[in-house]
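K.L.:
Sequence:
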Amino acid sequence: MSNRRTVVGVMGAGEGASAAAMRLAEELGECISARGWVLLTGGRPAGVMAAASRGAARVEGHLVVGVLPGEGNGDDRQKTADLDLAVFTGMGKARNVINVLSADVVVVCGGGGPGTASEAAHALNGGRPLILLAVPVLWREFFCSLDKGVQNANDVQECCRLIEARLKEA
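For what it's worth, my numbering labels the leading residue of the sequence shown as 1, then goes sequentially.
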């Protein structure tokens with residue numbers, strides 16, 4: 001039996017994240033860490049990534065991983081969220097595939113732009129459970145039309161219950 005910790009990927013808008021999405025992400029990060037799961041984000045110090053990392057970092061024993069687009073040179077190395085482990089890929093937005101495939105479950109928090117949409121699509125293509133947390137109706141309709149297994153949550157506690165249920169199915 002593996003001792004590998006469960007990895008939950010939290011994806012969402014960066015600079016364009018709403019205040020509501022950032023509040024949810026911070027609460028979600030804390031909830032993930034409190035359950036002993038690893039938080040994985042895109043690692044940048046912006047939006048949902050930064051908020052989820054900040055929330056997770058408040059919990060003793062947390063592990064926060066960021067998969068970053070840059071090579072880790074110069075300012076890149078300093079421009080990260082509250083991370084325990086920064087993975088510099090040098091892949092730009094192509095690193096979204098790594099974000100998703102490294103996660104056991106993927107949560108999209110509050111929607112986002114094309115980058116977040118690509119992460120949701122990669123989750124479906126990669127066979128990762130996808131949970132949409134407080135996303136716009138169009139997001140819900142679109143991603144649920146692609147895969148009937150996509151789940152929706154309106155709040156963090158519901159989201160964490162859905163994650164637990166998906167992990168038990170695996």
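There could be a bad hint or two in this list.
Stated by the list, open to error - Below, computed lysine-lysine pairings styled on DSS-like, alpha-carbon distance capped at 30 Å:
#1 Lys148 x Lys168
#2 Lys79 x Lys148
#3 Lys93 x Lys79
No lab work stands behind these hints: they were computed from the structure.
K.L.:
Evaluate each hint against the coordinates.
P.N.:
Verification of the supplied hints:
1. Lys148 x Lys168: holds, 18 Å
2. Lys79 x Lys148: Violated - the C-alpha atoms of Lys148 and Lys79 are around 38 Å apart, more than 30 Å.
3. Lys93 x Lys79: holds, 16 Å
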